[in-house]
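K.L.:
Sequence:
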Amino acid sequence: MRLLRILIAVLCLVAGILVGALNPQTVAIDLGWATLYASLGVTLLVALLCGVVVGGLILAVSVVLPLRQRLRRAQAPAGVAVAPPSDPGHGAC
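Just add 3 to wherever you are in the sequence shown, counting from 1, and you've got the numbering used here.
Note that these hints are calculated values from the structure, not bench results.
A hint or two may mislead.
FRET-style restraints, in silico, Cβ to Cβ [claimed, not checked]:
hint	residue 1	residue 2	range
1	9	65	24 to 32 Å
2	61	8	18 to 26 Å
3	58	9	22 to 30 Å
4	40	78	46 to 54 Å
5	27	66	35 to 43 Å
6	10	76	37 to 45 Å
7	8	64	20 to 28 Å
8	11	70	19 to 27 Å
9	76	17	39 to 47 Å
10	4	58	21 to 29 Å
Every residue, glycine too, gets a C-beta built ideally from N, C-alpha and C.
Kindly generate the complete structure, drawing on both the sequences and the hints.
P.N.:
Shown next, in the form of C-alpha cells:
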C-alpha cells in the first residue's frame with residue numbers, strides 16, 4: 004500500500020513537471036487591483052491546486068465535521084445525556 008502511494012505521488016509530480024514544461028507561454032492574470040504574469044503551466048497547476056484545496060475544505064465542513072460531532076455525541080456517557088433534570092421541590096409535602 005505504501006509503495007502504491009509513493010508511485011502515485013511520483014506520477015503526479017512528473018505530470019506536474021510535464022504540464023509546466025510543455026506550456027511555457029506567458030499569460031497575464033488581471034485581478035482588478037494588480038496584474039500577475041506567469042507561465043501557462045504554472046497558472047494551470049496553481050488553479051488545480053486551489054480547486055483541490057477549496058474542494059477539500061468544503062468536504063471537511065459539510066461532511067467530516069458533522070460526522071465527528073455525531074460520533075462525539077454517540078460516544079458520550081449514556082447517563083449524562085439521558086438523565087432528567089432534578090426538581091428539588093417535587094417530593095416535599
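K.L.:
Can you tell me whether the CB distance of residue 11 to residue 70 sits inside 19 to 27 Å?
P.N.:
Since the Cβ atoms of residue 11 and residue 70 sit about 26 Å apart, the hinted range of 19 to 27 Å holds.
K.L.:
Between the beta carbons of residue 27 and residue 66, is the distance compatible with 35 to 43 Å?
P.N.:
For residue 66 against residue 27, whose Cβ atoms are near 39 Å apart, the range 35 to 43 Å holds.
K.L.:
Against the range 24 to 32 Å, how does the distance between the Cβ atoms of residue 9 and residue 65 compare: consistent or not?
P.N.:
holds (31 Å)
K.L.:
Falls inside 20 to 28 Å, the C-beta gap from residue 8 to residue 64?
P.N.:
Given a distance of about 26 Å, which is inside 20 to 28 Å, the answer is holds.
K.L.:
Range hint 39 to 47 Å: satisfied by the CB atoms of residue 76 and residue 17?
P.N.:
holds (45 Å)
K.L.:
Taking 46 to 54 Å as the stated bounds, is the beta-carbon spacing between residue 40 and residue 78 within them?
P.N.:
holds (53 Å)
K.L.:
Quick check on a hinted range of 21 to 29 Å for residue 4 and residue 58, using CB atoms only.
P.N.:
Holds - the Cβ-Cβ distance for residue 4 and residue 58, about 24 Å, lies within 21 to 29 Å.
K.L.:
Between residue 61 and residue 8, is the Cβ distance one that fits in 18 to 26 Å?
P.N.:
holds (24 Å)
K.L.:
Kindly confirm whether 22 to 30 Å is satisfied by the beta carbon distance between residue 58 and residue 9.
P.N.:
Cβ of residue 58 to Cβ of residue 9: about 24 Å, so the range 22 to 30 Å holds.
K.L.:
Tell me if the beta carbons of residue 10 and residue 76 are separated by a distance inside 37 to 45 Å.
P.N.:
Holds, at about 40 Å.
Consistency note: the structure conflicts with none of the earlier hints.
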